[in-house]
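**Q** Generate coordinates for the entire structure from the input sequences, incorporating the hints supplied.
Each chain is listed here by its residues.
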Amino acid sequence: MTNDERDNLLLYAAGALSDAEAVELRSRLAAASPEEIGVLAEAEAVLAHLPLALPEESPSVGAKSRLMGKLTAHGQTSSSMRIGPAVTSTGSTSSTRVPLWMALAASVLIFAVSLVMVMNAHRGKEDLRQQARAADEERATLQTALVTKELTLQNMQTKLALMTDSISAEKLQLVGLAMPEANAQRKTRGRILWDKDKNQWFIAVFDLAPPAAGREYELWFITPDQKKHPSKVFNTNAAGDAMMMVEVPKELGPIALAAITDEPAGGSPVPTGSIHLVGKVE
Amino acid sequence: MAVNEANLDDITAMAAVARGEPEGLSRLYDRYHRLVFTLCLRILKDRGEAEDVLIEVFQELWERSARFDATRGSPLSYLSTLARSRAIDRLRSRGGKIRAASLDIEHAGQQAQSTGATPGESADLGEQCQRVTAALRALDPEYRQAVELSFYDGLSHSEIAAKLDKPLGTVKTYIRQGLIRLRDRLQSRTADAVSGANSSDE
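Line order of the protein sequences matches chains E and Z.
Okay, so the first sequence: first residue is 21 according to the numbering used here, each after it adds one.
Okay, so the second sequence: first residue is 254 according to the numbering used here, each after it adds one.
The hints are simulated quantities; they were obtained by calculation from the structure and are not laboratory data.
Check before you lean on any hint, since a few could be wrong.
Here are the in silico distance ranges between beta carbons for each label pair [claimed, not checked]:
1. Z:Glu316 x E:Arg159: 29 to 37 angstroms
2. E:Leu182 x Z:Glu380: 51 to 59 angstroms
3. Z:Glu380 x E:Val138: 38 to 46 angstroms
4. Z:Gly422 x E:Leu182: 19 to 27 angstroms
5. E:Pro250 x Z:Arg320: 35 to 43 angstroms
6. E:Gln150 x Z:Arg272: 20 to 28 angstroms
Where a beta carbon is used, it is the ideal one built from N, C-alpha and C, also for glycine.
**A** Below you can see the structure in the form of structure tokens.
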């Protein structure tokens with residue numbers, strides 16, 4: 021375990037992480053390793069001792085009685101479920117004797133009733149444990165979903181920032197990407213915002229269906245000498261959209277065309293698949 | 254933290270609580286009620302409310318003893334964490350203004366030796382008190398102040414930043430670094446104590 025991971029567990033125990041950090045760590049701790057459990061326990065132990073540095077105060081003397089009274093008032097002690105025959109004793113001066121058969125019958129009855137009560141209580145406790153486990157599992161699932169949504173939101177925010185950055189560039193060229201004429205009736209389209217100062221392309225494609233299994237889309241820089249230079253490999257989402265930022269290699273010189281084809285997963289050094297989008301750059 | 258005789262007593266007391274034996278809870282209460290009450294009082298600034306939370310904490314310990322896992326922490330950790338959480342919940346639910354008192358570390362170091370606790374408890378808790386006090390005192394003043402306001406007074410990071418008139422990021426750094434240094438110092442002192450005890454046994 022790294023020092024950062026140890027420190028994060030300490031800060032988590034102290035409630036000193038941000039909400040997003042705490043959620044992420046909590047979801048990871050749902051499947052914590054023994055080492056992580058140990059480090060977290062150590063951190064909690066450190067924090068548990070901090071109150072010792074405070075000037076000590078004592079509650080009222082009646083506080084303990086109030087506490088113990090609450091326990092017995094709710095019948096929460098084990099003495100209320102004592103199992104076994106009630107012991108009766110007779111002194112030498114007593115004149116009342118219980119027949120043996122009656123005492124035995126009473127003992128058996130008490131035993132049977134107590135046994136049934138214990139079994140019911142145990143069953144009830146087990147039910148509650150199962151409910152608690154189910155609730156814990158559901159909470160862990162929800163936390164994981166929350167972390168996933170937060171990550172998605174962060175991703176969207178990042179893309180928005182990239183787009184804003186491109187739009188605000190001083191030297192900006194807009195390039196449209198369209199399907200080759202043979203498929204002109206479809207809505208698939210793309211845009212390139214070329215920040216000429218930073219030599220970056222912000223690319224957005226729309227309505228480009230996800231590629232077939234085992235394939236991905238690939239972007240190409242095509243120079244005036246018809247050479248196709250491979251760039252980014254990407255996928256579209258279920259809605260057919262994708263956004264990305266790519267650096268335009270300066271050593272290529274002028275770019276004549278941008279094109280997107282589908283290729284085997286991981287990309288290809290040369291175009292082999294169908295052209296889905298193409299646009300004239302300069 | 255090394256397992257010592259006191260921790261074993263706590264674990265057996267918790268086992269008794271899990272079996273529904275009030276004597277177990279009574280032992281834990283006798284040992285830790287002042288610590289829990291002190292922390293609650295520090296956060297809530299009201300003796301009546303602090304006592305209510307004290308009772309709630311031990312009652313919850315009783316009711317949920319089955320959830321306690323000795324492999325994941327000691328009863329002291331469980332009580333301290335629960336007490337702080339419940340006190341802060343009550344503080345925020347009553348919507349009261351949070352006032353931070355100054356920490357009298359010197360006074361605390363002396364008082365821990367005169368609690369009237371049993372000799373065994375005094376020896377153990379007093380030693381721990383000295384260790385924690387020294388570790389806090391050794392922190393840089395700004396780190397210590399931020400840790401105290403966060404841990405002892407239950408202030409959020411934003412509230413601490415407003416109180417100290419510092420940027421929020423600075424306050425977070427103070428708290429993080431303060432806690433990390435505190436942990437490192439306490440763990441190194443524990444290791445020294447354990448190695449010292451081991452060498453004296455040989």
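**Q** Find the hints from earlier in the document that the structure breaks and name them by number, from lowest to highest.
**A** 1 and 5
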